[in-house]
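S.K.: Residue strings, one per chain:
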Amino acid sequence: MTFFENAKKVLQQNIREYGMYIALFVIMVFFTITTDGTFISSRNIVNLINQTGYIAVLAVGMTLIIIIRQIDLSVGFLAGFLGAIAAIAMSDPRVVANGLNLPIYAVIPLTLCLGIMAGLVTGFLVAQMKIPSFVASLAGWLIYRGAILVVTESTGTIIIANDAFNAIGNGFIPDIPDIGFLPGVHKLTLILGVVAVILLVINELNDRRKKQSYNFEVLPTEIFALKLIFLAAIIGGITWILAGYQGLSWTAVIVLVVTLIYNFVMSQTVLGRHIYAIGGNPDAAELSGISVKKLIYVVFGSMGMLSALSGILFASRLQSATTTAGTLFELDAIAAAYVGGVSAAGGVGKVVGSIIGALVMTSLTSGMNLMGIGISYQYIVRGAVLAAAVIFDVTTRGKN
Amino acid sequence: MNAPILEMKSITKEFPGVKALSDVSFQVAKGEIHCLVGENGAGKSTLMKILSGVYPHGTYTGEVVFNGQVQNLSSISDSEKVGIAIIYQELALIPEMTVYENIFLGHEIKNGLLINWNETIKQAGEMLKKVKLDINPAVKVKDLGVGKQQLVEIAKALSKDVKLLILDEPTSSLNETDSENLLNLLRDLKEQGVTSIMISHKLKEVIEIADTITVLRDGQTVATLRKDEVTEHKLIKHMVGREINNIYPKREHKPSHEIVLEVRNWNAHHPTLGRAILKDVNFNLKKGEIIGFAGLIGSGRTELALSIFGNPDGYQLKGELYVKGNKKQFHHPQDAIKTGIAYVTEDRKGDGLILIQDVKQNITLANLHKIAQRGVVNNNAEIQVANEYKTNLNIKTPSVEQKVSNLSGGNQQKVCLGKWLFVAPDILILDEPTRGIDVGAKFEIYTIMKDLVKQGMSIIMISSELPEVLGMSDRVYIVSAGKIAGELSAEEATQEKVMQLATN
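Protein chains in written order, with our numbering: chain E, 1 to 400; chain X, 1 to 504.
By construction, these hints were calculated from the structure, which means they are not laboratory data.
Please note that a few of the clues may not be correct.
Pairs of lysine to aspartate or glutamate, DMTMM-like flavour, derived with a Cα cap of 20 Å [as the list claims (entries may be wrong)]:
hint	chain 1	residue 1	chain 2	residue 2
1	X	Lys403	E	Glu17
2	X	Lys254	X	Glu108
3	E	Lys210	X	Asp351
4	E	Lys9	X	Glu401
5	X	Lys160	X	Glu80
6	E	Lys293	X	Asp351
7	E	Lys293	X	Asp313
8	X	Lys328	X	Glu303
9	X	Lys140	X	Glu108
10	E	Lys227	E	Asp207
11	E	Lys211	X	Asp351
12	X	Lys129	X	Asp78
13	X	Lys328	X	Asp313
14	E	Lys294	X	Asp178
15	X	Lys403	E	Asp207
16	E	Lys130	X	Glu80
17	X	Lys338	E	Asp283
18	X	Lys403	E	Asp283
19	E	Lys210	X	Asp178
20	X	Lys396	E	Asp283
21	E	Lys294	X	Glu80
22	X	Lys132	X	Glu63
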């Protein structure tokens with residue numbers, strides 16, 4: 001087989017998976033052209049990533065929820081509510097006046113734990129009380145919305161006066177001291193980028209060697225090399241763009257870590273495989289000795305924790321907790337998951353896909369903002385893209 | 001004999017891969033009660049579905065003549081228009097609606113655009129009187145027992161001015177009194193000029209009520225008998241009278257005397273159906289033995305298997321379960337699997353396989369920890385395991401990364417089998433292991449079963465195919481209406497004996 005035949009075959013077999021990467025690429029090129037390069041500028045890309053962060057972590061959790069054939073509408077206001085709790089614990093004037101304010105290293109774990117507990121409550125309603133998750137989480141939506149108002153009623157917006165906390169949504173990782181080499185470029189970011197490429201190559205080579213030791217089929221050498229070069233180029237490109245501004249933001253680091261962990265769990269562990277099994281056929285999973293109930297708790301608990309994280313990212317980004325924080329986050333997260341190829345029928349979807357989906361949606365907003373397109377048309381375009389993504393997903397499914 | 005109200009002439013109906021009916025002719029005289037009998041899968045329901053328009057005209061060959069006219073029925077509403085009504089085993093009433101709403105559902109009595117509820121209630125009352133059901137038409141259907149629901153169904157049919165009433169196993173879920181009432185009602189309706197066709201497995205009841213009986217076997221009419229010439233023995237002979245093709249591997253192996261599984265005084269109550277589904281079941285299974293569970297569909301065999309296998313449907317259970325002499329109580333299929341029991345389900349697409357996943361993922365699903373270290377799955381080991389089963393069980397698939405939905409029925413069944421063999425059970429429950437698969441694959445599965453018992457595994461086989469039960473089992477238990485109706489050794493079991501116990 002020639003190189004091109006090979007390439008064509010690989011592409012055809014994976015069109016579904018590559019589809020949204022291609023879509024993201026096309027969207028980025030489009031906006032880069034229409035905005036004369038402003039879109040791809042370092043500053044805009046950093047902004048884009050920071051804006052995506054709090055939706056992206058929700059989309060990761062939502063991916064698991066939709067995979068097990070459930071839905072969680074409560075996550076937006078839960079995020080807003082927990083962001084407010086974190087803000088109060090650190091900076092509410094009354095709390096501070098009594099000397100009861102907590103340090104950031106206590107506030108963050110506490111908020112995450114509250115998130116897990118809130119998620120487990122929804123999980124309890126779904127798994128134990130057998131209430132449809134749409135209804136159970138709609139109740140949560142109302143309750144948390146009310147709860148935000150309750151805790152912010154007397155103060156209104158709570159300004160957060162904690163630089164470390166505010167850095168989560170706005171700060172960047174520090175740089176190594178200037179050694180006169182590459183001035184104006186964030187060198188630690190570059191180093192991390194190079195390390196990431198090296199790790200990627202080592203990991204891919206290892207994987208390939210293991211497969212070969214089992215005598216399994218592997219990608220043809222040229223295609224494999226091409227894939228590595230391609231991935232390295234993407235990582236390199238993004239690193240270069242980020243390093244040209246202030247480097248990697250803390251939000252990007254958090255989203256990356258969350259994505260890597262969840263991607264690992266979903267693709268490599270027994271837990272992840274059981275979650276996919278439940279989504280694929282809950283009856284068969286139950287009869288195979290998998291406790292569906294237990295995993296509903298796990299997945300909703302994780303969703304609650306990520307909601308808390310989202311709330312922290314958002315409050316930190318605004319450097320305050322507002323009465324409307326979290327409004328419609330849940331729908332953005334659900335849209336991101338669907339755009340990213342999660343199947344509404346359950347059992348299918350990837351965490352990385354949802355992150356790409358979230359990036360697609362924020363890119364659209366960001367690009368259209370730069371082009372000066374009004375908010376009304378932005379909604380229409382994003383709706384059309386969501387529909388198109390799902391149509392693509394449905395029509396290419398089952399062709400493999 | 002009166003003039004025929006219904007004639008079905010040379011009906012042939014094929015499904016992909018199976019001929020469900022071949023050249024069946026069936027005649028019903030006006031004003032009679034005609035019973036249709038035959039084994040599971042003989043084609044009774046298919047024939048009735050053609051008559052009621054479920055399988056529309058054009059999907060079968062042959063001719064349906066009703067009331068002297070050739071009918072091209074292409075939907076249930078078509079058949080209702082000419083006066084044919086069918087009442088299925090699973091009742092088609094809406095539980096949350098009242099009796100009167102149910103009776104006139106789909107042909108509401110209207111004043112212009114609005115429903116005339118007063119008239120509806122009045123007429124519903126009249127219909128109920130006709131079926132001798134003394135209840136308030138305003139009660140909800142869910143508050144009635146199965147027997148009364150059955151009568152409401154008939155009332156509903158009568159409200160449509162029915163000329164031919166078809167009942168598909170009407171008494172299978174009824175107790176003695178309710179059954180007796182129903183049969184009496186059929187006699188009354190006959191007086192009023194309604195012709196009935198009744199499908200039933202209860203031969204005593206058939207002989208009691210029928211004017212004419214038609215026996216179907218393997219999609220063909222084998223006999224039509226008049227009331228005065230019929231005996232139970234004759235019926236059974238016609239029902240099972242086929243040659244047992246010798247496709248079963250030879251039984252060379254003797255099971256040991258060690259009992260690996262025993263169930264004593266086992267009772268199960270179904271929480272949503274609200275009735276007992278298993279009554280005082282006792283049986284045992286020895287090491288290296290294949291026991292067959294024979295019986296009719298709905299007799300409780302699958303429920304028995306599920307109740308042992310961790311009771312996933314949440315029946316209320318009473319009784320004792322012993323595995324290798326130790327008393328056990330399972331709360332989840334997980335517990336049963338850990339104790340060494342595996343259950344290959346009847347419905348491989350519904351609750352056996354994950355169709356959107358590939359062969360390897362399905363095979364390893366029930367025992368992922370075996371190929372995982374500290375919770376991380378070794379993907380390469382998984383492919384290797386799957387390939388082993390692919391070779392050993394001769395699963396025909398281009399690769400183990402093929403989605404199971406793309407496999408044929410027989411190969412899907414082998415994937416199910418592989419999945420449970422990977423658990424390395426001591427006791428394997430196979431529920432209808434060869435349903436819907438071709439003869440070649442059947443033989444392969446039989447051979448695998450023989451190999452497994454030779455290695456010391458014990459197998460419970462639930463099957464509705466009598467020749468298979470007789471060909472494979474060391475012992476046969478016959479299940480009927482949630483009870484063990486009898487136990488036969490391989491030597492004494494014949495199709496006639498089994499059928500007699502199963503239809504009692």
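S.K.: It remains to establish, for every hint, whether it holds in the given structure.
M.R.: Hint by hint, here is what the structure shows:
no. : hint                  : verdict
1   : Lys403(X) - Glu17(E)  : holds, 16 Å
2   : Lys254(X) - Glu108(X) : violated, 65 Å
3   : Lys210(E) - Asp351(X) : violated, 34 Å
4   : Lys9(E) - Glu401(X)   : holds, 16 Å
5   : Lys160(X) - Glu80(X)  : holds, 7 Å
6   : Lys293(E) - Asp351(X) : holds, 17 Å
7   : Lys293(E) - Asp313(X) : holds, 14 Å
8   : Lys328(X) - Glu303(X) : holds, 18 Å
9   : Lys140(X) - Glu108(X) : holds, 17 Å
10  : Lys227(E) - Asp207(E) : holds, 14 Å
11  : Lys211(E) - Asp351(X) : violated, 32 Å
12  : Lys129(X) - Asp78(X)  : violated, 27 Å
13  : Lys328(X) - Asp313(X) : holds, 18 Å
14  : Lys294(E) - Asp178(X) : violated, 43 Å
15  : Lys403(X) - Asp207(E) : violated, 23 Å
16  : Lys130(E) - Glu80(X)  : violated, 39 Å
17  : Lys338(X) - Asp283(E) : holds, 19 Å
18  : Lys403(X) - Asp283(E) : holds, 18 Å
19  : Lys210(E) - Asp178(X) : violated, 68 Å
20  : Lys396(X) - Asp283(E) : violated, 26 Å
21  : Lys294(E) - Glu80(X)  : violated, 49 Å
22  : Lys132(X) - Glu63(X)  : violated, 36 Å
In this structure, the hints that do not hold are numbers 2, 3, 11, 12, 14, 15, 16, 19, 20, 21 and 22, in rising order.
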